[in-house]
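There are 2 protein chains.
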Amino acid sequence: MFRPEIKVLDCTIRDGGLMNNWQFSDEFVRDVFNALCDAGIDYMEIGYKSSEKAFSRKENGPWKFCDEESLKRIVGDRKGNIKLSAMADIGRIEPDDILPKEQSLLDMIRVACYINQVDKAIWLAEHCMDKGYEATINLMAVSTVLERDLDEALSDLAKSKVKVVYLVDSFGSMYCEQIEYLARKYRSNLPDKTIGIHAHNNMQLAFSNTITAIIENCNFLDATLLGIGRGAGNCPLELLMSFLKNPKFKIRPILQVIEKHLIPMQKQIPWGYYIPYMLAGAKNQHPRVSMKWVESDKRDNIVEFYDMMLDTLDV
Amino acid sequence: MFRPEIKVLDCTIRDGGLMNNWQFSDEFVRDVFNALCDAGIDYMEIGYKSSEKAFSRKENGPWKFCDEESLKRIVGDRKGNIKLSAMADIGRIEPDDILPKEQSLLDMIRVACYINQVDKAIWLAEHCMDKGYEATINLMAVSTVLERDLDEALSDLAKSKVKVVYLVDSFGSMYCEQIEYLARKYRSNLPDKTIGIHAHNNMQLAFSNTITAIIENCNFLDATLLGIGRGAGNCPLELLMSFLKNPKFKIRPILQVIEKHLIPMQKQIPWGYYIPYMLAGAKNQHPRVSMKWVESDKRDNIVEFYDMMLDTLDV
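Here the protein sequences come in this chain order: Y and C. Residues in the first sequence are numbered consecutively from 1, following this note's numbering. Residues in the second sequence are numbered consecutively from 1001, following this note's numbering.
Treat the hints as calculated values from the structure; they're not laboratory data. Just so it is clear, the structure is predicted and the values come from calculations on it, not from any experiment. Glycine residues also receive a C-beta, built at the ideal position from the N, C-alpha and C atoms. Possibly wrong hints are sitting among the right ones.
[Stated by the list, open to error] Here are the simulated DSSO-like cross-link-like pairs (lysine-lysine), alpha carbons at most 30 Å apart as the crow flies:
hint, chain 1, residue 1, chain 2, residue 2
1, C, K1298, C, K1053
2, Y, K298, C, K1260
3, Y, K298, C, K1250
4, Y, K260, C, K1161
5, C, K1292, Y, K250
6, C, K1072, Y, K292
7, C, K1245, Y, K292
8, C, K1072, C, K1058
9, Y, K58, Y, K7
10, Y, K267, C, K1298
11, C, K1193, C, K1101
12, C, K1193, C, K1245
13, C, K1007, Y, K298
14, C, K1250, Y, K283
15, C, K1007, Y, K283
16, Y, K250, C, K1260
17, C, K1283, Y, K267
18, Y, K260, C, K1292
19, C, K1072, Y, K298
20, Y, K283, C, K1248
21, Y, K7, Y, K163
22, C, K1283, Y, K7
23, C, K1007, Y, K245
24, C, K1101, C, K1007
25, Y, K260, Y, K250
26, Y, K250, C, K1053
27, C, K1120, C, K1053
28, Y, K283, C, K1260
29, C, K1185, Y, K245
30, Y, K248, C, K1283
31, Y, K267, C, K1260
[As the list claims (entries may be wrong)] Computed footprint of chain Y on chain C, listed as stretches where at least three residues anywhere in the stretch have a Cβ under 8 Å from a Cβ of chain Y:
hint, segment
32, 1097-1104
33, 1291-1303
All chains should be built: construct the whole structure from the sequences, respecting the hints.
This is how it looks when you write it as C-alpha cells:
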C-alpha cells in the first residue's frame, strides 16, 4: 500500500522556530533528531541557513544560522540514517554562506521564494547543487498569485536543474479543490520534477491537503511534531505517519518526543487551530495580524477581531 | 457557487451534551438557538428524545429528553426560521414517547442505529414520519461493518419511506478515500434518498471529510460550534460556513456565541485533537478508552497509552 518514492521531511525545528526565534535547547533539538532517526523519517529540516549579516545572534538562536559547529553538537557521530536540510530565504543569504558539501553536515538546501524571486531562487538552488547539495525550490504564497505569472514561473522552473519544487499553502487558505488543481498544474508543467507539499493548518486542512497532494502524486511531504508551527501550525507528523503505510516507519519514538517536549511546550507557546487563524485562512491573508492578536490580551475577543479584519483588511 | 439543496444541521447541544450529560444552562442553549437562527442555519439538533424509563433525570440534563416544556423555555415565540431536531437511539425510546407533530416543537427525528438494528430503525423512522415529522436514519460505526452486511442494510433502506440516510464516521477513522467510496455507494444504492454526513475529528479530518462528502453530493451536513463534541469533537460549524458560499449565512452571530460560551467552556471541559483520540481513530476503535485516559491524571502519558492500546486492544 505504500509508495516507496514518498519522502517525509520533518520541519519541527525550522518552522517551529518561527514561534520562538529558534531558541530551542540543544537537548530538545537532539531529542527531536534522535526520534526522527529512530522513526525512519527521511529528512530533518533543522533550521534556516542565513547570513550572519542579515540577522542578529542576540535575537535568534543557532537554528536561524545552522553553522557546522551547532550541527555537530546535535548530530554527534550518528549521521547517516537521516538527511539534514536547511532552508534559505532569498535575500537573506550570500552565495558564500553555502560551504562546499564536503565541509557540511547538511544534505539539502531548500530555497524559499516569492513569485517575483523565482529567477534568483533558481540561481541559488543551482549554486547549491553545484556545491554538491540536493536542492528544492519552495514557491510561497501562490494563493495570491495571478495564474499567468505562476505559469511563467513554472516554465522557468521546468528549464532549471532543480529536481524538487514545492507547492506551498502559505496562508492555510486552500481547500482540497485548490490543492488538486495546483498539484495537477505543477505536475503537468514540471513533468521531470518531483513535487512537494507544505501545508498550514488554519482551517484544519493541513493533513487532509497533504493527503490530497499524495493522491495527486506529490512525493515530498512536510510535517512537524504535533503540528508545531507559527499560528495554526503545520501538518502533524504523527497523523501523516498513520496515513502512510511505509513499514520502515515507527510511531513510538515520535510519541516519546511529543510526550517529553511538545506537549509541555504547547502549554508555554500555544499553537494550533484558533478562530483568528481560521479567519485569516478563509480570507487568504497572511497570519501576521492574527498572530499579533492571539499573543495580545485580546486573544479571546474574536468578534472584535472579525470586525477589525472587515474594516482594515477590506476583505 | 453554493448548492441550494445543502442543509446544515448544528448538533452542538446533542453531540456536545455527550461530554456533560446535557447539563447545559438554559442561557447557553437559548444563546446557541438564537445564534443559529441569526446565522441562517437550517436545523438545530437540540438533544436526544429518550424514554424517561431508560435514563435518570438526576444524572442527565433536560436535553437528554427534549420534553415540550423544555423546548418551549428555549424557543419562546421565535420558532419558524430554523427547524428543530432530536436524535433517538434504538432501544432507548418507546414509540409512544413520540408525540404527534402538532403537539411538538420538534420538526425532525433522527434515528441512530447500528447495522443490526436497521429494521428497527426503519420502523421507528417511519413511525415518526406517520406522526408528521421529517426523519433520517443515521447508520453508526460503518467503519467496522462487513460490506455485504452494509449492502443488505442499504437495500432495506432503499425500500423504506425514509428520505435521508446519514453516512456516519463514528470513530473518526476514515480518510477521504473511504468517505468518497462510501458516499458513492450510498448514493448509488439509495438513488432516491438524500445522503448526509456526520464526521468526527480524531484525525483532524472532520471538516475535510465533510468537504469530500459535499463534493460527492451529500446534502445534509452536521457540524458543531468550535467543533464541540465527545473526545476530538466534530466538524466545526464556523469552518463549514466558510466553505459553503450560501449568501444567507452570517458568520458574526456564530463568532459571538463561540466567544461568549464555547471558548470559556473549552477551558473547563476540553475537547479537540489529542494523541489518544488520534490513535483510536487511526486504529478504528471506539474512543471510550481514549476518553477515560484523557480524563484521568495520565492524560499526557501518551506513550503508556500507546503501549496499553497495543497490549489490550490487540491492534
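Okay, the hints, checked on the actual structure:
no.	hint	result
1	C:K1298 - C:K1053	violated, 36 Å
2	Y:K298 - C:K1260	holds, 14 Å
3	Y:K298 - C:K1250	holds, 23 Å
4	Y:K260 - C:K1161	violated, 55 Å
5	C:K1292 - Y:K250	holds, 25 Å
6	C:K1072 - Y:K292	violated, 43 Å
7	C:K1245 - Y:K292	holds, 28 Å
8	C:K1072 - C:K1058	holds, 21 Å
9	Y:K58 - Y:K7	violated, 35 Å
10	Y:K267 - C:K1298	holds, 16 Å
11	C:K1193 - C:K1101	holds, 22 Å
12	C:K1193 - C:K1245	holds, 24 Å
13	C:K1007 - Y:K298	violated, 34 Å
14	C:K1250 - Y:K283	holds, 15 Å
15	C:K1007 - Y:K283	holds, 23 Å
16	Y:K250 - C:K1260	violated, 42 Å
17	C:K1283 - Y:K267	holds, 27 Å
18	Y:K260 - C:K1292	holds, 21 Å
19	C:K1072 - Y:K298	violated, 36 Å
20	Y:K283 - C:K1248	holds, 18 Å
21	Y:K7 - Y:K163	holds, 14 Å
22	C:K1283 - Y:K7	holds, 23 Å
23	C:K1007 - Y:K245	violated, 36 Å
24	C:K1101 - C:K1007	holds, 21 Å
25	Y:K260 - Y:K250	holds, 17 Å
26	Y:K250 - C:K1053	violated, 49 Å
27	C:K1120 - C:K1053	holds, 19 Å
28	Y:K283 - C:K1260	holds, 23 Å
29	C:K1185 - Y:K245	holds, 25 Å
30	Y:K248 - C:K1283	holds, 18 Å
31	Y:K267 - C:K1260	holds, 23 Å
32	1097-1104	violated (count 0)
33	1291-1303	holds (count 4)
The structure fails hints 1, 4, 6, 9, 13, 16, 19, 23, 26, 32 (numbered hints given earlier, in ascending order).
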